[in-house]
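**Q** Sequence order for the protein chains is U and R.
Number 43 in the numbering used here belongs to position 43 of the first sequence; there are no gaps in the numbering.
Number 70 in the numbering used here belongs to position 70 of the second sequence; there are no gaps in the numbering.
Fair warning: there could be bad hints in the mix.
Residues on chain R that point at chain U, a partial pick, calculated with CB under 7 Å [stated by the list, open to error]: (1) L251; (2) L277; (3) Q278.
Here are some chain R residues pointing at chain U (derived, C-beta under 10 Å) [claimed, not checked]: (4) N9; (5) G13; (6) K79; (7) G83; (8) G147; (9) M204; (10) E205; (11) P246; (12) Q247; (13) Y250; (14) E254; (15) L255; (16) R258; (17) V262; (18) V264; (19) Q285.
Please keep in mind that the hints were generated in silico from the structure rather than gathered at the bench.
Heads up, the beta-carbon is just placed ideally off N, CA and C, and yes, glycines get one too.
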Amino acid sequence: MNFIEARKLVYEYIRRDEDDNVEGILTALDGVNLDIKQGEFVAVLGHNGSGKSTLAKHLNVLLQAGEGTLRIDGKDARDQQYLWEIRKIAGMVFQNPDNQMVASVVEEDVAFGPENLGVPSGEIHSRVENSLKSTGMLSWRKHSPNKLSGGQKQRVAIAGVMAMEPKCIVLDEPTAMLDPNGRKEVLDAVERLNREKGMTVILITHYMEEVIRAHKVYVMDHGKVVMQGSPREIFSKVDTLKSYGLDVPQITLLAHELRKAGVMIPEGILTGQELVEALCQLY
Amino acid sequence: MSIILDKVNYVYGEKTAYETQALKDINLKIQDGEFIGLIGHTGSGKSTLIQHLNGLLRASSGGIYYNGRDIYEEDYDRKELRGKAGLVFQYPEHQLFESTVFADVCFGPKNMGLTSREAELRAFTALRSAGVPEEYWYRSPFELSGGQKRRAAIAGVLAMKPEVLILDEPTAGLDPRGRDEILNQVAAMHRDLKMTVILVSHSMEDVANYVNRMIVMNRGSILFDGTPQEVFRHYRELEAVGLGAPQVTYLMHELQERGFPVNVDAITIQEAKDSILQVLAGRQQGTAGKIAEKMIRGTQ
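Bound-form chain U, shown alone (with noise of 0.2 Å):
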């Protein structure tokens, strides 16, 4: 059984004017349906505005679907007495670190969760500094969040949502606001959840680089999923991200572009050491 599985999900923004008269209405979700199995990585890119954070948003209902349905570890997610427990299911981390941090110290804020989830405080102890471990914050514990760097707060809010035990952590560009050491200390962090304690991740983002990672890719345009497959089957086909206004990375753009221009090398090529493999055999 799937451990997410949606149909036809759909979901529309409704502007409304002063008198409540519909003004305009916008499908962010237009049928969406996914399998997203225990223990995978997942990633789902698409441009701004695609509907990737608003099926980021389905996932511990923030928002409920209009139509279709939505079942999280075998819960109906429009199903009311299911609220909570799905929350607890799917922990999510946001775009901006600094809109996340609650406490004015590392572990308390860790802790904030599983306290207000009425967890005995011998156990948060433990959890806070199991989290704080598998994310490589325990060292910063006793810190102030306001002096670590983007990728350290993420890395904080990322082990909060730990701490309450989550099955699965969905991450909506979680990367978006840093720069390159601390894009790669919050995916490598993420990874290590998914590959050590084998937690279901879904990563949302933008930048191709970090779906190369993940088990499945799903690509969102216009509130469709439009793609899905491996990385190295999405990423074979750049024309067709190109017109979704994605890109791949530099790499598999070159060896696409090598292979218009007739050099024989096989399709699908993600990382520099298949190229220069690929290269090398021709010459």
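On the provided structure of chain U, position chain R as indicated by the hints.
**A** Same frame as chain U, now just chain R:
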């Protein structure tokens, strides 16, 4: 407009427990019409440096000269300087506040003391140059998409008619299409308006594609200053300070190590492609030549 920085130092929180030297003996000469990429990891001093260029921060020691004039002189008009060196902050769209895009862009020139009519003329030209479609001019800035908001914010700075345009990570948080649009627009403004442009960026790929001079900062000092090709030759040193080179640069070095004689100075996809194709073509000619030679020998 030429800018000279002479041994500029800047210390934050002087004589407190938080004292940090953000700039150390910066010497720099920037000529008219240059397109400069300023890179460095978070905390390297790039933001501090650009805030000196329009007088928002005052150097703890050292001098800054615009067109030969010392900006720290008693009678120098530093307010005018802020108009000459236009600074577009990170996430400039957070600073949009007026009820329409057009009114927002008029704010700067009006503040400089221009009449409404002059300010409106400037806003008109600036919105055109920044590529904001006319249909958005009289809408609330908050109805615009991320990329359009950013253009509107850039127009607000352009309306002050700066001679130097400084952009602090103008593509942060934008998707690939938004990023390309903004960078192409900046390149067009550099070309058409003959402005000096200083682009602060984290993306080596972006810098490689657009600028003709790169300045790399590390711990408050200038580590490298040269053409992108020259600077990216130091890719190992760049990595050591938390930066790096475009992906193709690594590829080209790797290929060369494997005996594939490509041009390691290639920093864009186009350059890399040309170099690889050239090597392969040379190789084919070589092989064809050998085959032809054998055939000739065979017939003899």
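**Q** Let's test the interface hint: is any C-beta of chain U closer than 10 Å to that of L255(R)?
**A** holds, 6 Å
**Q** For the hint on L251(R), does the least C-beta distance to chain U fall short of 7 Å?
**A** Holds - the Cβ of L251(R) comes within 7 Å of chain U, reaching about 5 Å at its closest.
**Q** Against chain U, with CB atoms and a cut of 10 Å, does the hint on V262(R) hold up?
**A** At about 9 Å, which falls below the 10 Å cut-off, the nearest Cβ of chain U leaves the hint on V262(R) intact, so it holds.
**Q** Under 10 Å is the threshold here; is the Cβ of G13(R) close enough to any Cβ of chain U for the hint to stand?
**A** G13(R) check fails; min Cβ-Cβ to chain U is 14 Å, beyond 10 Å.
**Q** Just to be careful: measuring from the Cβ of P246(R) to every Cβ in chain U, is the smallest value less than 10 Å?
**A** holds, 7 Å
**Q** Would you settle whether the hint for E254(R) is holds or violated, based on the nearest Cβ-Cβ distance to chain U being less than 10 Å?
**A** Hint on E254(R): holds, closest Cβ of chain U at ~5 Å, below 10 Å.
**Q** Hey, does the K79(R) contact hint survive, CB to chain U under 10 Å?
**A** violated, 32 Å
**Q** Is the interface hint for M204(R) satisfied, with its Cβ closer than 10 Å to some Cβ of chain U?
**A** holds, 8 Å
**Q** Does the closest beta carbon of chain U sit nearer than 10 Å to the beta carbon of G83(R)?
**A** Check failed: Cβ of G83(R) comes no nearer than 29 Å to chain U, outside 10 Å.
**Q** A closest beta-carbon separation below 10 Å is what the hint needs, so does Y250(R) meet it against chain U?
**A** holds, 6 Å
**Q** Given Q247(R) was flagged as interface, is its beta-carbon under 10 Å from a beta-carbon of chain U?
**A** holds, 4 Å
**Q** Next item in the hint list is N9(R). Is there a CB on chain U closer than 10 Å to its CB?
**A** violated, 24 Å
In summary, the structure is inconsistent with hints 3, 4, 5, 6, 7, 18 and 19 from the numbered list given earlier, while agreeing with the others.
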